[in-house]
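Engineer: Each chain is listed here by its residues.
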Amino acid sequence: MAKQAVQLTKKKRTQYHFQKLKMCKKCNRYSVLADESCPTCGTEWIGVESLVKTIFKNKLFTEAIWILIFVSLGIVFAPTMKSMYYSLIAGLVFCLSYCLITSIFMKSEYFIQLRKLLRSDFKRIKDGIGFDSNLAKDDAEEGRLASAYEKLREISDFIENDKVKNRSVKLLNHIILRSDMELELETLVPTSYDRDFVEYALEAIKLNRTLMTKKSIAYFIQHRASIVTDFGMETLISVAGTALRMKLYIIEFADFIEEFLEYFPKERLLRLCSIIHSNPEENWGSLGLKTRGLVAAKYNYDPDFKRFVS
Amino acid sequence: MLFHRRKLLKSNHAKRGSKMYITVFTCLLGLILIWKLYKLMKNKRLGDDFQGIDEELAIKLNEGDSIG
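Taken in order, these protein sequences are the chains called A and B. Each step along the first sequence adds one to the number in my numbering, with nothing skipped, and position 226 is 226. Each step along the second sequence adds one to the number in my numbering, with nothing skipped, and position 51 is 361.
FYI, nobody ran anything at the bench for these hints, they're computed from the structure. You can trust all of the hints, since none of them are fake.
FRET-style restraints, in silico, Cβ to Cβ: (1) R178/A / G362/B: 36 to 46 Å; (2) L341/B / K53/A: 28 to 38 Å; (3) L341/B / E160/A: 44 to 54 Å; (4) S103/A / M330/B: 29 to 39 Å; (5) L347/B / G47/A: 25 to 35 Å; (6) G327/B / K53/A: 40 to 50 Å; (7) F77/A / I344/B: 16 to 26 Å; (8) G362/B / S278/A: 39 to 49 Å; (9) G362/B / S103/A: 18 to 28 Å; (10) K352/B / L92/A: 22 to 32 Å.
With a straight-line Cα cutoff of 20 Å, these simulated DMTMM-like cross-link-like pairs (lysine to aspartate or glutamate) come out: (11) K163/A / E373/B; (12) K123/A / E365/B; (13) K352/B / E63/A; (14) K20/A / E366/B; (15) K370/B / D121/A; (16) K20/A / D359/B; (17) K116/A / D358/B; (18) K352/B / E109/A; (19) K370/B / D127/A; (20) K20/A / E365/B; (21) K107/A / D364/B; (22) K349/B / E63/A; (23) K354/B / E109/A; (24) K3/A / E182/A; (25) K346/B / E109/A.
A quick note: this is a predicted structure, and the numbers were derived from the prediction, not measured. All residues carry an ideal CB built from backbone N, CA and C; glycine is no exception.
Turn these sequences into a full structure, and let the hints steer you where they fit.
Structural biologist: Spelled out as structure tokens, the structure:
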């Protein structure tokens, strides 16, 4: 199957994942997709926060009605004019105090209401995400790869399992990746060896080296035997090269880097040397010694390495 | 004279009843306010950890590994 050239939309980010949840009041179904309206009935989604706010407002309104009824009854059944005035004043003071304390604790009450709603509607939320997942499946089957991937990208914020990751990776492997795309790697790292993931990762780091994070490097090290069998040694050299991106990674994966040191291109070795040189307080151990030895043996007269050769 | 005493007694009863009414009514309002404050404080103590909601949702949704 030939790779498709597609345009991926930017992922909408929220402070918390639950803020992505929305509901169709007509179908009574939750969704996490970025669509504006329900694909079944066309009704506009209501965000979970708006839903909670509406429930919260209704609750406050009901409470206010009960309070007004109680205070009004108190005023109406007052035996004398004097007690009627007293009841009126007491009722007013009570209403004001009630409003004041409710507004002070508004945030925590909103939180309680939100938690209550998510707990009670949990089953429906799960069913809704299942429905979204089926929509993604339909899109993939009908060749709408970008749409299918975007759906899975939203679902993976909530469902973190290898099935979803594998489906996303398979779709990405059928898309022509470009550097202007908002690619992800760390979120797609599976728990076991997956050939499709490695294929995608190698393609993605060609476009953006910063995608290779600690978790991804650790994955390549963990499954190095299978990766070498399927993709060859060059793959691991390339991954070890990307680990030179940060001092932290060099320290963390020193043994792994050391193993492929002599296969690094000049530019990668230069990067390693400059990091070691600018951090003399760090204990670089055998990596530091081996790097110095390699530079002395291979690049002793190279002007780019002059400052590292003493 | 007797009529005048009866009228005075009646008025005293009314006064006492009115006082009692105001006391009971104010106490009831006070109790409602205290009960509401207690409930709000209790909810406040449960915290407003929105991150916790996210985590709880993620744990529950990933139980059973059915979606995929």
